[in-house]
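Using the hints, position chain B with the ligands against chain A.
Protein sequences appear in the order of chains A and B.
Under my numbering, the residues of the first sequence are numbered 1 to 295, in order.
Under my numbering, the residues of the second sequence are numbered 1001 to 1421, in order.
Hints were generated in silico from the structure; no laboratory data involved.
It should be emphasised that the depicted structure is a prediction, and the values quoted were computed from it without experimental measurement.
No false leads were slipped in.
Derived lysine to aspartate or glutamate pairs resembling EDC-like cross-links, with alpha carbons at most 16 angstroms apart:
#1 B:Lys1026 <-> A:Glu88
#2 B:Lys1021 <-> A:Glu88
#3 B:Lys1234 <-> A:Glu82
This is what each chain is made of:
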Amino acid sequence: MKIELDHLTKNFGEFTAVDHISLAMNNGVYGLLGVNGAGKTTLMRMLCTLLRPTEGTIYCNGRDIWEMDSEYRSLLGYLPQEFGFYPEFSVQDYLLYIAALKGIRPVVAKKRVKELLVKVGLAKAAAHKMKKLSGGMKRRAGIAQAMLNDPQILILDEPTAGLDPNERIRFRNLISELAEERLVLLSTHIVSDVEYIANEIWMMQEGRIVHQGTAKKIIDSMPEAVWECMVEKRMVSVFAKKYKISNMKTDQDGAILRIISQGKPCEQAKRAEATLEDVFLYYFGEKAGDENDTI
Amino acid sequence: MCFYIILEKKQVMKMIRYEVKKVFSKTGGKIALLMLTGMLILVCFLTVKSVEYVDEQGVSRSGIAAARRLREDKNKWAGEITEDVLIEVLQKNREINASKEYQSTDYRENDKAYARKQGFSDIRDMINHAFTAFREYDYYRVDSVTDEEVGSFYERRIAGLNDWLYSEEAKDIYSEEEKEFLLTKYQELKTPFYYEYADGWKAFSEYAPTLIMLTVLILGFPVSGIFANEIQLKADAIFFSAKLGRNKAVLSKIGAGILMITGIYWVMVLLYSAVVFAILGTGGAGCAIQTGLGGWKSFYHITYLQEYLLIIFGGYLGSLFMLTLAMFLSASTRSAILAVTVPFVLLFIPSFLNDISALSKVLGLLPDQLLQMGQAAAFFNLYHPGGKVTGALPIIMTLYPILFAAMLPVLYHVYRKTQIQ
Ligand SMILES: Nc1ncnc2c1ncn2[C@@H]1O[C@H](COP(=O)(O)OP(=O)(O)OP(=O)(O)O)[C@@H](O)[C@H]1O
Ligand SMILES: [Mg+2]
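Extracted from the complex, chain A is given alone in its bound form (with noise of 0.2 angstroms):
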């Protein structure tokens, strides 16, 4: 399975959400990281003919994904980000549901849904109402109707979203499971998320990829180095005007902090291994650290 873009772009208006994208992609698991409103959300809808381009084409196995139409389709899985269903639905109609409108077998797709139910975990749930399950579920819901049609091509936007730390790394998990043999594409602003899992990191802003490649070829890039000092309370706002920071503890004694800085930004810093989190905030934070919520 290969997947190209070729000088994709999308304009609302004179904005232009994505910025003349040109890429290729075969089986395994990309982790498209960027900040609100970097045009990852664009960029999958346009993967998943949900919105025509601007500008450009897509290509599966060097055909136009809008020629193939519903070929395309049925090689297709996703999950978006903000995932509608049919609330009176259960589970298992839900599935039953999207199992048809992907053209499924009516015999096949109940041995489908039944396996997919075991494997995400919903089994009990299955004659419970869409609308009474918790975020959790609902998600894995949402994968299990990407999964249906056993997708050669799988796309997820924000997948973790929302989910508690336990939940979201079960996610991680089954992500990871469900990736053998197939091109994944998952979306998130959650550095962790995709730090493991992802064989190819695309950093996206403003529409643009700006940096792609491994985690660690990722990491390598940064020009600057990850230090850990001790401060006390009242200097953090000091170094935080200064440098980017890209997390902080605090104790009784004062506050450790993570500074990226090319130069020892105090006398007692040490050296620590640049994580793609801090690279991630090295690129796309602010000084000031308003970027706490990467975990």
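Positioned in the frame of chain A, the structure of chain B with the ligands alone reads:
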């Protein structure tokens, strides 16, 4: 090959089932069903109640027994309305008018007198019509019609039209050709009329428009939801990215809409017919509609049974047209709000414009006419499609099936091209 066609049909059928389920699993859908049921009961009640029998004591009754007695009374006059019959009616009428009950100032006594007149009340109405000016109606005209002149009953119907056509009011409305058309129609009507009790049919055609219109108005809500709910629920992203999301799934939405309209329309109309005819009877099916007050002037030569068929099939066609238009609007605006107003606008705007006579020709062709074919059959709008004079009914019965059929592919393409922004 055959196997695949069956398989694909099954797929679409399955999706249609889910579409219908989506609509009626929602509270709104359930409320619509409840409202339809309540409305059906109410309209049945009103219809049955409208046929009254006044007994010897002057007391009005309605219901099965009353309808049966009314039928018995009226059917004493069943048969061809010849001059002899008309004279008999006049004599009977005079006889009752002379009675002390009729002369009394107590209305209860008057009702007792009426009880004796109701057997020939329909024929009495026709005489009133025949002997008053075309655009007027005088309930007491019959009292002064003489035995000598009543023989001109059928000629008077034609003469009344003729006088009106050449009156100040109408002489410029119709061309000579149109006047000729109307007069010829009147002359062609087979006389003497065959008369029989037909109150079941008359009551049906009086109240059916209410039932059909309310059905369409209520159905507008669930039907508009079919195309708007994906967007409203944000389920559109998954819907349109699924393999069949831009072809068969759209077809099945259209299918579900038509199925819902068809199913509910016919259940309503047939249940209504069953109740009305079970209570009021189906007698008089073969009488011309001109034998009743509502159809006296009509230039369409149809029987009550034919009028009934016209009402129910016209109503179906009108429902299909209006509600498909609503579906089209909900598909293209992605919202149900504008769409549910379609039936309201189509039904109520014409009645506001009714008084503007310049518009009457256009109004006669609007789709609301399809929901009230009984009334439409009494309108005097004339048209010239292809140089031939004709009334509105043949035109709307050909125009709207075409428009309906033309809307379907457009609806399909509009929805199929939906983009998720
Ligand atoms: N339909 C639209 N009309 C106008 N602007 C839009 C539309 N959809 C998206 N945008 C704009 O395009 C930009 C990219 O939006 P997009 O939803 O793709 O970002 P994102 O990376 O998915 O963000 P988030 O992390 O918040 O989901 C945003 O600035 C957004 O305001
Ligand atoms: Mg997004």
